[in-house]
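These protein sequence lines map, in sequence, to chains A and B. In terms of numbering that gives the first Met the number 0, the first sequence has 232 at position 233, counting the first letter as 1, and numbering is strictly consecutive. In terms of numbering that gives the first Met the number 0, the second sequence has 210 at position 211, counting the first letter as 1, and numbering is strictly consecutive.
There's no promise every hint is true.
[Unchecked claim] Coverage of chain A stretches by chain B, computed from C-beta distances (three or more under 8 Å per stretch; other residues unrestricted):
1) 70-80
2) 94-104
3) 154-167
4) 232-244
5) 292-302
If you are wondering where the hints come from, they were derived from the structure by calculation, not from laboratory data. For each residue, glycine too, the CB sits at the ideal point set by N, CA and C.
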Amino acid sequence: MTATESRVADAVTRAPGWLARLGGSGGAGRRPRGDWPWAYLMIAPTGLGLAVFYLWPVVQTVYFSFTEWGAFGGHTWVGFANYTTLFQDPAVGQALRNTFVYSGLVLLGVPLSIVLAVLLNTPKLRGVSVYRTLYFLPVVTMPAAVAMLWRWIYNGDYGLLNYGLSLFGVDGPYWVSDGRVVLYAMAVVGVWTLIGYNAVIFLAGLQGIPQHYYEAAAIDGAGRVRQFFSITLPLLSPSIFFVTVLTVIGSLQMFDLIYMMMDRGNPALTDNRTIVYLFYEAAFVDNRRGYAACIAVVLLAVILTLTVVQFRLQKKWVHYE
Amino acid sequence: MLRRRVLAGLFTAALLATAGCSGSGDSGGDVTLTYGVWDKNQVPAMEKIATEFTKAHPTVKVKVELTPNKEYWTKLQTAVTGGSAPDVFWMNAPRFGLYASSGVLAPMDSKADLSKYPKSLVDTYNWQGRQYALPKDFDTIGLWYNKALFDAAGVKYPDETWTWETLTEAAKKLTDPAKGQFGIAAPAYSQENYYNTIFQSGGTVVSADRKKSGYEDPATVKGLQFWVDLINRHKVSPTVKQMSDTEPTQLFTSGKVAMMYGGSWEAVGFAKDDALKGKIDVAVLPRGDKRAVVIHGLGNVVYAKSKHPKEALEFATFLGSEQAHRIQAETGTVIPAYEGTQATWVGAMPQYQLKAFLDELPYAVAYPISKNTAGWADQERKLLPLAWDGSRDLPGVAKELATAMNAALAKE
Chain A
0 MTATESRVAD
10 AVTRAPGWLA
20 RLGGSGGAGR
30 RPRGDWPWAY
40 LMIAPTGLGL
50 AVFYLWPVVQ
60 TVYFSFTEWG
70 AFGGHTWVGF
80 ANYTTLFQDP
90 AVGQALRNTF
100 VYSGLVLLGV
110 PLSIVLAVLL
120 NTPKLRGVSV
130 YRTLYFLPVV
140 TMPAAVAMLW
150 RWIYNGDYGL
160 LNYGLSLFGV
170 DGPYWVSDGR
180 VVLYAMAVVG
190 VWTLIGYNAV
200 IFLAGLQGIP
210 QHYYEAAAID
220 GAGRVRQFFS
230 ITLPLLSPSI
240 FFVTVLTVIG
250 SLQMFDLIYM
260 MMDRGNPALT
270 DNRTIVYLFY
280 EAAFVDNRRG
290 YAACIAVVLL
300 AVILTLTVVQ
310 FRLQKKWVHY
320 E
Chain B
0 MLRRRVLAGL
10 FTAALLATAG
20 CSGSGDSGGD
30 VTLTYGVWDK
40 NQVPAMEKIA
50 TEFTKAHPTV
60 KVKVELTPNK
70 EYWTKLQTAV
80 TGGSAPDVFW
90 MNAPRFGLYA
100 SSGVLAPMDS
110 KADLSKYPKS
120 LVDTYNWQGR
130 QYALPKDFDT
140 IGLWYNKALF
150 DAAGVKYPDE
160 TWTWETLTEA
170 AKKLTDPAKG
180 QFGIAAPAYS
190 QENYYNTIFQ
200 SGGTVVSADR
210 KKSGYEDPAT
220 VKGLQFWVDL
230 INRHKVSPTV
240 KQMSDTEPTQ
250 LFTSGKVAMM
260 YGGSWEAVGF
270 AKDDALKGKI
280 DVAVLPRGDK
290 RAVVIHGLGN
300 VVYAKSKHPK
310 EALEFATFLG
320 SEQAHRIQAE
330 TGTVIPAYEG
340 TQATWVGAMP
350 QYQLKAFLDE
360 LPYAVAYPIS
370 KNTAGWADQE
380 RKLLPLAWDG
390 SRDLPGVAKE
400 LATAMNAALA
410 KE
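Next comes chain A alone, as it looks inside the complex:
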């Protein structure tokens, strides 16, 4: 065994010790500085990957948002010109509004996921794993396939949805071609794809709630509904917070559904674009890369602000055990 190798073995055997100290418990005791390089080496692959593939592009994008690009590389510094254009572009305001509406609608799916998770958590439910699989399927289905499926369902003339409505004498609209309903139609698909994923997180949260709380509540005479609001909901709040943050971040970046479900010549497309769709058009259709970077930076700022606000607010309603 070489000297280095023995040090690795040493570091590994001592790892629990310094991990504990990292956590802040213990407090006293010698800090083995010699181990730190190894700790960094261990996280280096992930750390480098993050830096190279996530952080560096962010820095680059911010830089590019102040430039104008040729179609094949080569850029010139234009200062705040892109931002000036952006804040005067009516399409941007409209796209932001559309994105927020979509995001708000998709958030309505969070309570649905909680209800679903509670139902799936029912003890002695028969075939529970079948249900869980069914609800999770949309999550692992390719977005392209999801879009195809929903296009059939939503088809104004031959779609399943309008056929169902016609049985009740309702003449359904062209769901993905009518500007008045298309965002709602998209949001339904968004909720449908997310509900299984969110429910799984809630399910994990539910199973972490100790059973004896419920027993104590039952003895005190609390019914199922009271138990849900006084025990389940508060103790599930960390999961709810997590899911809400993720849903907001994800839904603000909505692009694929529009791209896949609305074709050329769709009269509803112009007024229902989201902010990422606008970004796509600028970058890959119109060849305005600098402007596209600028849109991306604005979106980053919006998401960042909303996330910070959410983290601030969580102190008021999230209960950690």
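Given the coordinates of chain A, assemble chain B onto it according to the supplied hints.
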């Protein structure tokens, strides 16, 4: 020492990666060219042409590189930016201006006889007096019609005497709301639909010097109005919403519309559909104020930074040869551009009067382009459907489109 071993390992990996990127064997004088294409159906023909080329040039091999259409341009643009595009690749008219003006393409200074190809195609690939591509193939638009529906309604089949009025009258007779059947599909598609009628009414899309939009011209608006009227005034076409939910081609093949303007490229797909057997055919476009049809075709271009410029040019020239075009014709997928090879294509599907697509050649108008066509074509796609939909009036939309397009053209 572990550290040294790790470093050595990383180094090897890095070296391998570099080698992997640039590994187009230059050894022993043999050259391998890459040829970028996007249509899977044409790969066999392209490979056959490549084999024929290698027979004549034993030291040069050609690798056909397929990228599906949806990613082709994004990938190509990235490859060009990184300096690693294929040596020879397919080009279309709307993208040509951008590539030619950026110095990405090598001029085709070959001895090929340009008079052997339709003139409008040759002109399409000419940038500031220099030729950058030999035409590969072309497509024109025809009036596809459903014979069964015509027979049932007792309407005479379309022929070269038809005008816009004849078409409208026939479409009225072929429309039957009770059955959900329409006379014609009138989508807001540029190449298949409104470009043709714009040229037929004497309008333009973009001025000859490519600096000004043609959408302010009343003649242009007349060409657009034709389609809007078919939907909203005569009600002989499905609405735009219906057609964006179910594509016109699908409505046509399922017998829901009796006529559609469609490209010569539709023939292969229609021929494969057993349900359509003996039911459909094609005719030349009805005339407006005059006869016109939009013609578009691909070209084979040479990458300016190719490592083997001489061989790449030779291959591109061979791709434009009569022999190569004959190989393309046999597959029936596209109309070859070389004079005299089109008969093979017409003969490939005798059930249709494909000759109609060639009869239109004398009055064919080149697909309208500018340096950055995508910049304003996108505006057409976004604005015109609003007029087709009836949610906004056409003259207003055309005016807004002209303004947006002029702004885009001014930036070129």
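Evaluation of the provided hints:
no.	hint	in the structure
1	70-80	holds (count 3)
2	94-104	violated (count 0)
3	154-167	holds (count 5)
4	232-244	violated (count 0)
5	292-302	violated (count 0)
In the structure shown, a violation is registered for the earlier hints numbered 2, 4 and 5, in ascending order.
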